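K.L.:
Listed below are the residues making up each chain.
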Amino acid sequence: MSDYRLTEEGRKYLAIGLPEMRLAKIFSEGPVSFQDAQKNVEGFGIAIQWAKAKGMVEVREGKIFPAGAGKFPEMEILRKVADGRPLSDDEARVLVERKLAEKVSHEVEALEKRVRGGYIVQITPEMIKTGVWKQAKGFAPYDKSIRQQPRAMFQGKLHPYRQLINSLRDKMVGMGFEEARGPYVESEFWNFDALFMPQDHPGRGTHDALSVKSDSDSKILDQGLWDRVKATHEFGWTTGSRGWGKWRAEVARKLVMKSQNTAVSAREMASRRSEGAPYKVFAIDRVFRHDVVDAKHLTDFDQCEGIIVGENLNFRHLLGYLREIGKMFGAEDVRFKPSYFPFTEPSLEIYANIPGLGWVESGGAGIMRPEVTAPLGVELPVLAFGMGVGRLAMIRMGSSDIRDIYSENVQWLRDKSMVE
Amino acid sequence: MPVIRYDKVQLRKLIGKRLSDEQLSEAIQLVKPNVEGFEGNEIIVEHTADRPDLFGIEGLARSVSTYMGTRKGLTKYKIGKPKVEMRMTAVSSRPYVSTAVVRKVEMKDFFESMIQIQESLSSSIGRRRAKVAVGVHDLDKIKGKITYQSVSRNEKMTALGEKEEMKLSEVLENTEKGKEYGPIIKGSKMWPVFTDQSGIISFPPILNSQRTAVTDKTKNLFVEVTGTDKQAVRDVMAILISNFGERFPVEGVKMRHERRSEVTPDLSEGVMEIGTGMVNRTLGTSLSSKEIISLLSRMGYDTLGSGEKMEVIVPAYRADVLHPVDIVEDVAIAYGYNNFKPEIPAVHTTGRQTDVERMSRKASISLVGFGFQEIIGSALSNPSDQIEKMELSGREVVELENPSSADYSCARASLVPGMLKFLAANRHNEYPQNVFEVGDVVLPDKAEETGARNERRVAGAVCHSKSGFGEMNFVFDGMMKSMGRGCSFRECDSPMYIPGRGVDVYMGDRYIGTFGELHPKVVQNWEIGMPTTVFELDLEGI
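Those sequence lines, one after another, are chains A and B. Following my numbering, the numbering of the first sequence begins with 1 at its first residue and continues without gaps. Following my numbering, the numbering of the second sequence begins with 421 at its first residue and continues without gaps.
Because the hints were derived from the structure by calculation, they are not lab data. Because the structure is a prediction, the values reported are computed rather than measured. One or more hints might be untrue.
Computed Cβ-Cβ distance ranges for the label pairs, DEER-style [as the list claims (entries may be wrong)]:
id, chain 1, residue 1, chain 2, residue 2, range
1, B, GLY727, A, GLU332, 37 to 43 Å
2, A, GLY117, B, GLY898, 42 to 48 Å
3, A, GLU275, B, GLU689, 58 to 64 Å
4, A, GLY203, B, SER570, 29 to 35 Å
5, B, VAL429, A, GLU275, 55 to 61 Å
6, A, ASP227, B, LYS587, 43 to 49 Å
7, A, GLU275, B, GLN569, 54 to 60 Å
8, A, GLU275, B, ILE764, 21 to 27 Å
9, B, GLU689, A, ASP227, 47 to 53 Å
Glycine included, every Cβ here is placed at the ideal spot set by N, Cα and C.
Let's have the full structure, built from the sequences with the hints guiding it.
P.N.:
In structure tokens, the structure reads:
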């Protein structure tokens with residue numbers, strides 16, 4: 001069997017002759033006009049093109065003049081293909097270039113056999129390329145009730161909690177806050193002492209904070225700062241405070257897992273001092289607590305903390321920022337309640353009215369105490385706030401178990417809708 | 421934050437005003453504490469740690485009635501001339517003492533609140549009795565002169581609730597309170613006691629004696645406060661007396677030390693200087709001296725002077741007032757937090773996220789594009805997961821001194837174990853399971869201030885029946901291109917990978933990560949049961 005077969009065009013020319021042959025018949029008796037030739041020769045465009053190429057004609061003043069005898073080796077080759085005789089490479093090229101014949105593979109033939117008269121289930125690239133699909137009776141319909149494709153395919157997704165955190169971060173940046181980070185392994189100095197938490201404060205105990213095993217405690221990088229903090233704790237230093245009493249550097253040098261992002265704020269204040277003002281800094285990062293994991297507790301979770309440092313800032317400005325932040329996070333309204341944090345005074349708690357939930361305690365805030373800011377080198381008012389992200393996340397994820405934040409269920413993650 | 425229940429009827433009676441539940445709850449919250457709700461006859465109040473003067477029912481009532489204007493300014497408690505004298509000796513383990521006498525006591529309606537205030541003060545400012553402990557006795561059962569002294573652990577007493585006499589050391593071993601609070605004094609050779617002529621009446625900070633126990637028939641009280649911090653002892657006594665003094669007459673006690681004598685309790689007031697300027701600057705208000713004085717009066721202060729020179733008289737029980745800002749907060753509380761007009765100041769700053777955060781997002785977008793599911797895990801782990809199950813012996817982790825559970829006993833030094841734990845938990849779910857995590861790991865580093873540093877990383881895992889190096893190579897290469905970073909691979913011999921199927925990733929000469937096909941041993945350790953290929957990349961240094 002031949003490796004070539006005639007195309008539709010090839011079969012036609014074998015029967016009625018090449019177009020230039022048919023044109024030659026008309027002008028064999030003398031020049032003819034373009035119009036007459038066009039009328040009488042099927043495929044005139046191709047005919048005149050090949051007649052010119054083969055030097056058979058000249059075209060002058062809208063007429064066609066015979067110029068020489070044409071040669072038509074194609075006809076013999078077409079016959080060879082039709083008879084199933086083998087072709088030389090040159091012969092094959094003549095026909096293939098004119099698209100009068102095409103190479104046939106055994107695969108295509110097999111494909112034809114399979115498709116002819118039947119219904120196609122899976123359409124393949126070969127069927128499209130060869131046009132074999134035309135020989136089928138049609139396409140088999142799918143059972144559309146089956147949603148699942150035979151091979152599992154899963155979309156890549158961000159964790160819903162990440163989507164929320166990213167959105168919070170974008171909003172804070174949008175409000176002009178610069179992002180900061182702090183180390184997870186922190187000294188008690190930054191985590192507590194710089195925040196004016198007395199060294200015997202219950203929150204510093206091993207029931208709340210996670211202590212770090214280490215053969216060496218924190219370094220003291222800035223002795224002056226440590227001296228100022230010590231003086232402030234012991235007698236108020238120059239701040240006008242009564243202080244707490246005894247203070248020991250050995251306690252401050254102990255290492256803990258950062259238990260509040262206020263430690264990050266303290267580090268930022270110490271490095272930017274008053275000179276960098278005005279500045280707004282925030283951190284959304286992990287904090288660690290001595291808690292047993294259950295539906296309401298995690299050992300580490302994210303807190304969003306921020307400070308605003310600048311001249312003439314006051315309590316009403318703090319409330320203004322909090323209301324704005326609350327609204328940004330979807331609260332219809334916010335209210336404020338007196339509260340207590342060792343590092344701020346006045347201190348308050350933020351209650352946000354979340355649609356569908358009512359008033360929810362959403363965070364704490366206040367103006368940093370002079371006992372915090374003065375030793376760090378900040379003489380300006382510092383507005384500070386902090387919010388747990390977990391509760392907001394649970395609301396947005398429609399979840400009643402905080403462990404969903406660290407979900408180990410891939411199906412839950414795959415099925416979860418996106419969160420803002 | 422202590423949560424305390426109060427009898428509604430009693431509270432109203434002490435406030436001296438007819439209040440509905442709602443009004444009562446609102447008034448308390450305006451002063452500061454949080455009302456959690458009502459249950460039967462009780463109101464449940466969550467206090468803030470700074471206001472122990474509100475823990476007792478009398479103190480709470482005092483602040484509410486002052487806030488509502490039923491009384492004005494500072495409430496003074498008269499201390500009657502001492503009739504009781506006692507002898508003080510040096511007690512090094514608990515050197516500071518304050519005592520008082522309360523007369524004409526009616527125990528009905530008082531007994532419970534008396535116990536409650538002692539408990540809540542000694543557990544809060546008292547730091548679970550280590551710093552301050554309180555004892556209350558039936559004065560009329562005390563015989564002869566009281567002495568505060570140190571004695572040997574072999575001395576005997578009949579402790580509260582016991583029938584037999586015991587050595588002090590046995591009190592520590594055999595009683596509930598002894599076991600609970602014993603550790604506070606165990607280190608000292610001699611232990612503090614109050615004695616009368618018949619023996620030990622109190623063994624602070626552990627227990628009182630049965631002999632001087634307060635009953636519902638008690639008429640006169642002897643109150644003793646002992647501790648290791650002078651200020652804290654004074655504060656606790658001031659709060660106690662300002663509570664008991666709301667109901668009954670209080671009398672001083674003359675305490676004779678070796679070379680001097682003093683009368684306690686000391687309820688002398690403190691003074692804080694403020695001015696209209698600093699109040700208004702802090703609060704963003706324009707209050708006059710008169711307005712400030714009137715607001716402070718509602719918070720229980722008297723104020724002298726006006727304008728820039730005002731002296732605020734601070735009652736002795738306000739242990740929380742350390743600095744003039746504490747007075748300013750009380751001005752704000754009296755003004756009402758929700759009466760301030762919030763305002764956004766015109767402070768222009770440009771927001772910015774950290775560079776590593778931007779890199780993290782690029783990596784995430786790329787991996788999501790490859791069809792990876794993001795997972796998020798705890799930053800705490802345990803050495804077994806971090807080291808043993810990974811077949812790594814050299815890895816160092818930061819361990820915790822007091823983990824809340826063995827599962828969370830160290831900081832993670834790699835994100836890979838968390839991902840494998842996730843994959844193990846999802847064996848019953850459909851594959852492929854291709855996951856990634858972005859987060860900080862903690863690496864011990866002696867050069868750092870705190871001996872460790874954070875490193876932001878991204879890690880991924882490809883887990884399905886045909887998972888292999890080739891597919892991960894494809895993903896890794898695409899991710900690096902998305903982040904605009906080039907890298908080179910070097911052979912690695914990490915035991916967590918199949919030999920010859922893991923590489924270390926370098927950017928120039930800097931090691932930035934690793935990837936490879938997990939050794940079947942590792943896959944088996946995690947019981948994943950599916951070929952798994954992983955990578956982990958440092959986002960900090962690229």
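K.L.:
Which hints from the list above does the structure break, by number from lowest to highest?
P.N.:
Hints 3 and 9 contradicted; others consistent.
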